[in-house]
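K.L.:
Take a look at the letters that make up each chain.
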Amino acid sequence: MSKLEKKDLEHLAKLSRFDIRPDQEERFLGDLGKILDYFNDLNSVDTSKVSPIFSGGDLKNVMREDETLPDNLDNILCVSEFPEKERGLLKVPPIFE
Amino acid sequence: MNVKDFTIEKYHKGLLNKEFTVASFIEEIFNLIESEDSRLGAYLSLMKISALDEAKKADEVLAIRGADVLNSQPMFAVPMAIKDNILIKGHRATAGSKLLENYIASYDATVIRKLKSAGAIFLGKTNMDEFAMGSSTENSAYQKTRNPYDLERVPGGSSGGSAVAVAGHMALGSLGTDTGGSIRQPASLCGAVGLKPTYGAVSRFGAIALASSLDQIGPFAKTVKDVATIFKTISGIDKNDGTSQDIKYGEDLINPDFEKIKKLKIGIPKEYFNLEGMDEVTKQGINSVIDFYKKSGFEVKEVSLPNTKYALSCYYIILPAEASSNLARFDGIRYAKVGPSTPLGVNEIRSNAKNLLDLYVKNKTQGFGDEPKRRIILGTYVLSSGYYDAYYSKAQKVRSLVKKDFTDAFKEVDVILTPVSPTVAFKIGEKSADPLAMYLSDIFTIPVNLAGLPGISIPVKGINGLPVGFQLIGKSFREADILGLGQYYEKND
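Chains as they are written, first to last, in the numbering used here: chain A, 1052 to 1148; chain B, 900 to 1392.
I should point out that these hints are in silico values taken from the structure, not numbers from a laboratory. Honestly, I wouldn't trust all of these hints.
[As the list claims (entries may be wrong)] DSS-like cross-link-like pairs, simulated, lysine-lysine; straight-line CA separation at most 25 Å:
#1 B/Lys956 x B/Lys1015
#2 B/Lys1360 x B/Lys1162
#3 B/Lys1390 x B/Lys1374
#4 A/Lys1054 x B/Lys1208
#5 A/Lys1054 x B/Lys1296
#6 B/Lys1310 x A/Lys1100
#7 B/Lys1253 x A/Lys1142
#8 A/Lys1111 x B/Lys1302
#9 B/Lys1147 x A/Lys1111
#10 B/Lys956 x B/Lys1013
#11 A/Lys1100 x B/Lys1302
#12 A/Lys1111 x B/Lys1138
#13 A/Lys1111 x B/Lys1330
#14 A/Lys1142 x B/Lys988
#15 A/Lys1136 x B/Lys1253
#16 B/Lys1131 x B/Lys1147
#17 A/Lys1136 x B/Lys997
#18 A/Lys1065 x B/Lys997
#19 B/Lys1360 x B/Lys1193
#20 A/Lys1085 x B/Lys1296
#21 B/Lys1303 x A/Lys1111
#22 A/Lys1100 x B/Lys1296
#23 A/Lys1085 x B/Lys1330
#24 B/Lys1310 x B/Lys1147
#25 B/Lys1303 x A/Lys1100
#26 B/Lys1303 x B/Lys1253
#27 B/Lys912 x B/Lys1015
#28 B/Lys988 x A/Lys1136
#29 B/Lys1208 x A/Lys1100
[What the hints assert, rightly or not] Covered stretches of chain B (in silico footprint by chain A; criterion: 3 or more residues with CB under 8 Å from a CB of chain A, positions within the stretch not fixed):
#30 1214-1227
#31 1289-1302
Every residue gets a Cβ at the ideal spot worked out from N, C-alpha and C, and that includes glycine.
The task is simple: from the sequences and hints, build the whole structure.
P.N.:
Take a look at the structure:
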């Protein structure tokens, strides 16, 4: 599989919404390179006839009615954790400049 | 009274015989925490005022209801430590990260709600690797936690604080989370008992998610019986966790029928014993346990789990993939209350942010440590177009093979016995510079999470020096088998 380059790391960091300091880049590339090399052992497994699983257990969909629940103390406490709020809603900086 | 001598069972006997009050016991534990924890570093925050208040109330209940309440509520007044990624309403929950330094939980996790109604008393929140990413608790953004057997060594992780709280006698029981070994490995390294329940046995509601298809909450305690008591209290279906299952665990979970237990067939997977890098004391310890069961008349046979060697790669693709998605919500807004003097400078970041995206980037850059960043990058990579099939999709198929190995083995045996960790506790700093070396310390515990099975770590008896644990792996929702077999080992020589 392909090797991770500096520009890949920058792109992945951008997608992940954080910056990687220039002094961290080298170390991250080294660590991730080693880890990705380790993953190569999976190439030797024949999975052509295997179906993937997404959990260890047997999962079923759990549905409920789409309804608004009344405000309770937990909701009020949750809103109190917002850094900035207006009329019980979360206030954030503008999305566009 | 010396709190170091007590298990949950013995503590209840003491209360029954009026040897001490709940308040005096809890005070004694806080005295011990005050004298020991500056060295051990198990706790991130204490709940002394509320704990002592609860203790007084418990004494009042005891005065009125006496033996009745102790018999009907096995967790009544039991002092517990809780990993800091499990929410207790009104208390800080940092998950070991600077990003959540000011986050106060606005609701109780389901396990906390259940323990509260069972009468348990919470002493404080315990240290952990940041967002439960690590095997030594060295990745905590706050402090080091040290192994009570050797202060120069790690306690294991990621639930290192919860393991040390119990092993250091600073709680009678504790809760951790286990995604790839984060309960069993620190239990093994600290000489405590730790249970990772079947996926779906315990509600994950209110636990800060790492990898949702692998995470389970589970207990630590000093004995298998105590672990069973805590597990029975926290298990059960919950409408707030769609993966939780309605399993009716019986009384045999806590008080096993040893005649039935003696009929269980034990499997020894040969692939777990030819690993390079397994230390001699661990090998000898595990062999002594196998000999014990053989001498006691158990049927013990070799089984094969041929895909074990691929489990680590499989896990370190699936976990970062799920974690990168779960951790996206920590954007520095929703869980970061602005305080007047936050070390992160949240106020400053907010007033300087050009726009919302800029705010995210600034907060995440400062808030996440190296290991979360590494795993988020890795997860984003294995999920990205062009690599999805080679990594993520491949890993999901290999996961299917790992699970099938267990299904096949469980046609021949009831329980599988393995080591927990390839080595005893390692030195602080020994593996922190090499992530891959750290990942390898979970090689025996990871397959259990991939397959969703229950696993328990139990201390090997007669070890001088650093503790060694052995692991019993059961069929899905057959915690009673591994707990019963564990109690049999504890009670007999």
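K.L.:
For every hint, state whether the structure bears it out.
P.N.:
Okay, the hints, checked on the actual structure:
Distance restraint check for B/Lys956 and B/Lys1015: the Cα-Cα separation of roughly 13 Å lies within the 25 Å cut-off, and the hinted pair is therefore satisfied. With a CA separation close to 23 Å, the supplied pair B/Lys1360 and B/Lys1162 stays within the 25 Å bound. Distance hint between B/Lys1390 and B/Lys1374 is fulfilled; the C-alpha atoms sit about 23 Å from each other, no more than 25 Å. A C-alpha spacing of about 23 Å is found between A/Lys1054 and B/Lys1208, which places the hinted pair at or below 25 Å, so the restraint holds.
With a C-alpha separation of about 23 Å, the suggested pair A/Lys1054 and B/Lys1296 falls inside the 25 Å cut-off, and the hint holds. Between B/Lys1310 and A/Lys1100 the alpha-carbon distance is near 22 Å, which keeps this suggested pair within the 25 Å criterion. A hinted pair counts as satisfied when its Cα atoms are at most 25 Å apart, and B/Lys1253 with A/Lys1142 qualifies at roughly 15 Å. Taking the CA atoms of A/Lys1111 and B/Lys1302, the gap is near 18 Å; set against the 25 Å cutoff, the hint holds.
For the hint pairing B/Lys1147 with A/Lys1111, the CA-to-CA distance comes to about 19 Å; that is within 25 Å, so the pair holds. Proximity of B/Lys956 to B/Lys1013 is assessed by CA-CA distance (about 18 Å); at most 25 Å being required, the pair is judged to hold. A distance of roughly 15 Å separates the Cα atoms of A/Lys1100 and B/Lys1302; the hinted pair therefore holds under the 25 Å criterion. The straight-line distance between the Cα atoms of A/Lys1111 and B/Lys1138 is roughly 13 Å, inside the 25 Å bound, and the hint therefore holds.
Taken as a hint, the A/Lys1111 and B/Lys1330 pair is broken in the structure, with Cα atoms around 40 Å apart against an allowance of 25 Å. Taken as a hint, the A/Lys1142 and B/Lys988 pair is honoured in the structure, with Cα atoms around 24 Å apart against an allowance of 25 Å. In summary, the hint linking A/Lys1136 to B/Lys1253 is supported, as the alpha carbons are separated by about 19 Å, within the 25 Å threshold. With a CA separation close to 10 Å, the supplied pair B/Lys1131 and B/Lys1147 stays within the 25 Å bound.
A threshold of 25 Å between alpha carbons decides the hint, and for A/Lys1136 with B/Lys997 the separation of about 23 Å falls inside it, so the pair holds. Proposed proximity of A/Lys1065 and B/Lys997 is supported: the alpha carbons are some 21 Å apart, at most 25 Å. Distance check on the hinted pair: B/Lys1360 and B/Lys1193 sit about 16 Å apart at the alpha-carbon level, within 25 Å; holds. Simply put, A/Lys1085 and B/Lys1296 have alpha-carbon atoms about 23 Å apart, close enough for the 25 Å limit, and the pair holds.
The suggested pairing of B/Lys1303 with A/Lys1111 holds, with an alpha-carbon distance near 20 Å, which does not exceed 25 Å. A distance of roughly 9 Å separates the Cα atoms of A/Lys1100 and B/Lys1296; the hinted pair therefore holds under the 25 Å criterion. About 15 Å separates the Cα atoms of A/Lys1085 and B/Lys1330, which keeps this hinted pair within 25 Å; it holds. Annotation: proposed proximity of B/Lys1310 to B/Lys1147 holds, straight-line Cα distance about 23 Å (limit 25 Å).
For the proposed pair B/Lys1303 and A/Lys1100, the alpha carbon gap of about 13 Å is at most 25 Å, so the pair holds. A threshold of 25 Å between alpha carbons decides the hint, and for B/Lys1303 with B/Lys1253 the separation of about 52 Å lies outside it, so the pair is violated. A hinted pair counts as satisfied when its Cα atoms are at most 25 Å apart, and B/Lys912 with B/Lys1015 qualifies at roughly 21 Å. At most 25 Å may separate the alpha-carbon atoms for a hinted pair to count; B/Lys988 and A/Lys1136 meet this at roughly 21 Å.
Pair hint B/Lys1208 plus A/Lys1100 holds up; C-alpha atoms about 19 Å apart against a cutoff of 25 Å. For the stretch 1214-1227 of chain B, the stated coverage by chain A is satisfied: 4 residues place a CB nearer than 8 Å to a CB of that chain, which reaches the threshold of 3. Counting residues of the stretch 1289-1302 of chain B whose C-beta lies closer than 8 Å to any C-beta of chain A gives 12; at least three are required, and the coverage claim holds.
When the structure is compared with the earlier hints, violations turn up for hints 13, 26 and for no others.
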